[in-house]
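**Student:** Sequence lines, in order, name chains E and V. Residues in the first sequence are numbered from 11 upward in steps of one, following the working numbering. Residues in the second sequence are numbered from 4 upward in steps of one, following the working numbering.
Hints were generated in silico from the structure; no laboratory data involved. In this text the structure is predicted, and so the values were computed from the model without any measurement. We put the beta carbon where it would ideally sit given N, CA and C, even for glycine. Mixed in with the good hints there might be a few duds.
[What the hints assert, rightly or not] Across the chosen pairs, the derived CB separations fall in these ranges: (1) E:Ala360 / V:Arg388: 40 to 48 Å; (2) E:Glu106 / V:Pro359: 51 to 59 Å; (3) V:Arg388 / E:Gly139: 46 to 54 Å; (4) V:Leu31 / E:Gly297: 56 to 64 Å.
[Said to hold, decoys possible] Derived pair list, reagent style EDC-like, types lysine to aspartate or glutamate, alpha-carbon separation capped at 20 Å: (5) E:Lys449 / E:Asp346; (6) V:Lys193 / V:Asp312; (7) E:Lys449 / E:Asp345; (8) V:Lys285 / E:Glu390; (9) V:Lys285 / E:Asp353; (10) E:Lys289 / E:Asp299.
Listed below are the residues making up each chain.
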Amino acid sequence: MATEATEVSGGGPSEARRPAPAIECRGVTRRYAGVVANDQIDLQVAEGEIHALVGENGAGKSTLMKMLYGLEQPDEGEILVRGEPQVIDSPRKAIELRIGMVHQHFMLVDNFTVAENIVLGAEPHKGGGRLDLGEAERRVGELARGFGTPLDPHARVEDIGVGQQQRVEILKLLYRGADILILDEPTAVLVPQEVEELFANMRQLKADGKTIIFIAHSLDEVLQIADRITVLRDGEVIDTVAAADTDTHQVAEMMVGRPVLLRRVEGKTATGGPMLQVKDVRVVAGGKDLLAGLDLDVRRSEIYGLAGVEGNGQAELVEALVGLTIPDTGRIYLDDDELTRADVRTRRQAGLAYIPEDRHARGMVLQMLVSENSVLGQHERPPFSNHGLLDLGAIRRRALELIRTFRVKAPSVAAPAYALSGGNQQKLVLGREFASKPKLLIAAHPTRGLDIGATQFVWQELVEARDEGVAVLLISSNLEEILALADRVGVIYDGRIVAQFRGAEATMSELGLYMTGARSGDEEPAA
Amino acid sequence: MKVEEKPPPPPEPELEEAAARIPWGQRLQGWALQLLAPAISLLIAAVVGVLVILIVQQSWSDVADVAGAMWSYGLFNRNSVAFILGRATPLIFAGLAVAIAFKAGLFNIGVEGQYAIGALAAGYVGYQLSAPTVLHLPLTILAGMAGGMAWAAIPALLKVYRGAHEVISTIMMNFVANALLLYLLSGVMKDPNQQGSIAQQQTPPIEPSAQVGSMVPFFNSIGFDFRGSAPVTWFFVLAIVAAVLYALTVRRTRFGFELRVLGTNPRAAEPSGIRSNAMVMKAMLLSGAIAGLVALQDVIGIDDRMKLDYIRNYGFTGIVIALLGRNSGLGIVAAALLFSFLDRASSGIGLNTEVPKEVTSIMSGVIILTIVIAYQLVTRMNARRQLREQHDRA
Chain E
11 MATEATEVSG
21 GGPSEARRPA
31 PAIECRGVTR
41 RYAGVVANDQ
51 IDLQVAEGEI
61 HALVGENGAG
71 KSTLMKMLYG
81 LEQPDEGEIL
91 VRGEPQVIDS
101 PRKAIELRIG
111 MVHQHFMLVD
121 NFTVAENIVL
131 GAEPHKGGGR
141 LDLGEAERRV
151 GELARGFGTP
161 LDPHARVEDI
171 GVGQQQRVEI
181 LKLLYRGADI
191 LILDEPTAVL
201 VPQEVEELFA
211 NMRQLKADGK
221 TIIFIAHSLD
231 EVLQIADRIT
241 VLRDGEVIDT
251 VAAADTDTHQ
261 VAEMMVGRPV
271 LLRRVEGKTA
281 TGGPMLQVKD
291 VRVVAGGKDL
301 LAGLDLDVRR
311 SEIYGLAGVE
321 GNGQAELVEA
331 LVGLTIPDTG
341 RIYLDDDELT
351 RADVRTRRQA
361 GLAYIPEDRH
371 ARGMVLQMLV
381 SENSVLGQHE
391 RPPFSNHGLL
401 DLGAIRRRAL
411 ELIRTFRVKA
421 PSVAAPAYAL
431 SGGNQQKLVL
441 GREFASKPKL
451 LIAAHPTRGL
461 DIGATQFVWQ
471 ELVEARDEGV
481 AVLLISSNLE
491 EILALADRVG
501 VIYDGRIVAQ
511 FRGAEATMSE
521 LGLYMTGARS
531 GDEEPAA
Chain V
4 MKVEEKPPPP
14 PEPELEEAAA
24 RIPWGQRLQG
34 WALQLLAPAI
44 SLLIAAVVGV
54 LVILIVQQSW
64 SDVADVAGAM
74 WSYGLFNRNS
84 VAFILGRATP
94 LIFAGLAVAI
104 AFKAGLFNIG
114 VEGQYAIGAL
124 AAGYVGYQLS
134 APTVLHLPLT
144 ILAGMAGGMA
154 WAAIPALLKV
164 YRGAHEVIST
174 IMMNFVANAL
184 LLYLLSGVMK
194 DPNQQGSIAQ
204 QQTPPIEPSA
214 QVGSMVPFFN
224 SIGFDFRGSA
234 PVTWFFVLAI
244 VAAVLYALTV
254 RRTRFGFELR
264 VLGTNPRAAE
274 PSGIRSNAMV
284 MKAMLLSGAI
294 AGLVALQDVI
304 GIDDRMKLDY
314 IRNYGFTGIV
324 IALLGRNSGL
334 GIVAAALLFS
344 FLDRASSGIG
354 LNTEVPKEVT
364 SIMSGVIILT
374 IVIAYQLVTR
384 MNARRQLREQ
394 HDRA
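If we strip away everything but chain V, and leave its shape as in the complex, we get:
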């Protein structure tokens, strides 16, 4: 055997053509597979929902009532769309915060604490500062992001320098955030004019210059007919912008590329010149900054002050949203809208049927439980298909 001196023959042109892009059929198949898992999960949730209703009420007519209420009230009540969009806003931020950490292989369970601190910081800047809107509003929002970022920085530093696992440290930070929140809201940040129990603790009112406007006038100008108090603000637009930026960052930037390398194969990151520790820091800080936006709609949009009861498990729901949305920008928006719809539909069930409205909680629970399994199933199906194709080619 001797090393031949001839250059390799030119490749067949078809090979190059084929290599250039994936055929449409295959692409569609890929997208269908992406949707398959959530579809399976939703189907199981629906079946379980029906079973629960049958067990509780023992009549098919109740099933029809519930379906009707979910459909008509959930989607077509006067304020439903506004409610769904408004309620989806914090969930989109929370989902994005979890997802960006996921992309780097990090499990940020601390979104809950991070947005609490972010809301606190934004609330403080909102009532303490007085400045024109062009200055005050951006500063307030930045304060929220900075608060979340600061809270995420601690677990990030612990991980990079001491090797502490972020799951543990972010959970711990949630407890600390909670305690800090109680302490400040019942102490130095408490509204001096406010009486009442701890559960109603709140800050002084936020200056109008730091408040975000409602989107209702805009919607009504394009033909909707929402009540003035419908809870949707321009934060919804910000959430969509954030989702788009997230998608572009992950797919189109060097930072996103490195995040994905680190998240999918950490062992390949260092030999490729990716500074893992720096990436972990950046991913966690970014995650915290997005988390800081989660409750801002409540603080400076719908209401005009920071209240204790804005801490509503958005952070944990965010994990589910990110999972359901497969960490994609579009998926997260869709998942947030779905959860928001279920929430709205549950009000419809409560108002219009004999069935307890908690049936929607059961359904979201089932989605949470089945989605991971469904993705695993689809991934395996996909892997088998790939293997077969590879086999066929060989």
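Here chain E stands alone, though its shape is the one from the complex:
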């Protein structure tokens, strides 16, 4: 299917001789408040191919897909659909253009039947405005039969499995006549057998002449199913290659392999004994092992970098460590205290600090004051509160201290936190957690969304904390960050640490292989 793969990556206008590509982006650019999410994207998706879009988190995949589906508008550039320039200003317009999208989180009505869900919004009618459910079920049954695996049109969506729900989503698109299908990380929610079924369905769709664009993280899967692969990095298209002409190593390198700009920062103090010990922790949800017997230890004066593609158990690990979820099995120790079942406050008082990934939502209260946000999570202990009474003076002094030390630009400590810009809100949260003098600091994507200066500053702070004896667990999908800071690096894949390296010995391409599952941990963990 992949015709002249490398040639089209240049993005020149299509020749009249060739059939027009199903989708063509020319110089598409999208900026958010100073951040360029998509920078001069040129992309061609041929009619009837399966085109995979890969890249790290934040590379711009979702933004690009949202523009194709009309959820976002490009600031520059144009999008051509079947050779015609189009302004896709709403999902409705996208549907008119026969473009459909399956979101990562399904948009189904749980207590409706499969048939009802599929026809929802375009229901067949009998006279007098009455629904013709019989007709709906007949048509849905027909669609489902042409689609291989059986699907009961009468079943309620809440009663069927995730894989089947996904099929309902795809059928929904087909019912509306879509022939360009966008699948946003369709395999993320599926177990391996379901992935196989999905791929069978995708091949069937391709045989029926549909065009499929899909976003995926696992390079193995991408190479298995895609005709061509476009790699995005930092909002730019790195290359479009034919799946047949490449391998996981090459794609992984394109994904993460920018020239290493950063010098490693070595610690001043030697790594000490274990501070955090995680033993055989398992978290099960919906029959899936989100953490599958994970072992981990982080030592005093050590930055342990946890690398991995998002969705491989990082979030669950953090929640189990912080105390937001209690693991199903396994044990967690902090400095010899067992904390497996302790609540968040106990853990914080025992010396845990936590920089949440979603700082706005989980790390602060935007409507409350800057000063109040400066002590959130430490508000219950002296000097900020004594015998249940807040010491507003001490709280204000802490806020001023943070503003000074971390160069937070705030109109006033008595202003609501939403008066701060996003970057400054982040700095406030980071500063607050550093200031709690922790034994263990859990930093989830601490520099995401920060500019280069602020990033440098955070790194410096992490290194300083390490030198002061703090055990730092750094979770990041930015390998550059991990390689620059970590004394040890672990790769998390499918809920387990599959490989572990000394920081100085890890390389991007090797990490990339483990992260994408191209190499498994069973072969030989290094350190």
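Chain E is already provided as a structure; the job is to place chain V on it using the hints.
**Tutor:** Below, chain V without anything else, positioned relative to chain E:
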């Protein structure tokens, strides 16, 4: 790019100065914005009131009559001030009860049932026990609070352990309270010397040792001239104390801090070590305890027994009071006084004009309907202003 080893440069001193406190101009602007919404709402209510009078009576002189009656009778009749303060008392308690739950993000619609049970419990202790005042009166008041608390505990437990939404369960508990009230007042708690219909059911009289005194002698000693029967008791002082304690609790205590975190961003509460479920329990119990005080002025102050007709929708008015007062102690007191004044003014309209006195009910209705919209408008205006300022700084 390499991580620099230098410490950050010292901050500019002006930054610190500026960060220390909000300038007065900005503060005043903030306060003005706080008052803007109720002002808009009152204005609309006044306009609607005028329109209604014009439609009903079709004459501007009636509008003037009504305004005059509201002003002169509502504020300057001999007993008006006493009436307004007395009538505001249960509304302040009800508003505080709703507000403290609001602060934790909970919508306690069950104040109505909670104060019914509280009044019942206080009434029972009031007539059943005999003890010296120093013991009997506090016990009676505590019984009222315990009654309200117990009634609030059920929805709280249902929410924490079963996930039942408090709006539904507190409404249900109101019905149960009502039925229980009817049952007890016409049964075991009924005054044996009392005859009459169900509507007049009441308990035996409360011992004098459990009664709260009238504030009229105090007011008259400082120059007022209220009739002895004017309905204001020392409960009014208790209500003010409660409002002050409420304001201090919300702003100055760890408990209040955690309430606000939970109420404004529940997702940030757990990662900050705040035990959400425990906070929900505490907030609901406290709300119920305050609710238990709502009708006590009627039971052990103005009258001397628990009667069925003390159940007067204070709980629902409390929701409006809390909303109008923006859940602040001072705001709630002000809103309660306003509603109390409207009530008094309606008597003036009934007595002194040709206009039906229900025009004040319409006005309070309009306030209820417009206040939410007005706050939303002001909040948006505020957000736009903040955004502009942020833009200017950037």
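**Student:** Quick check: which numbered hints come out false for this structure?
**Tutor:** none
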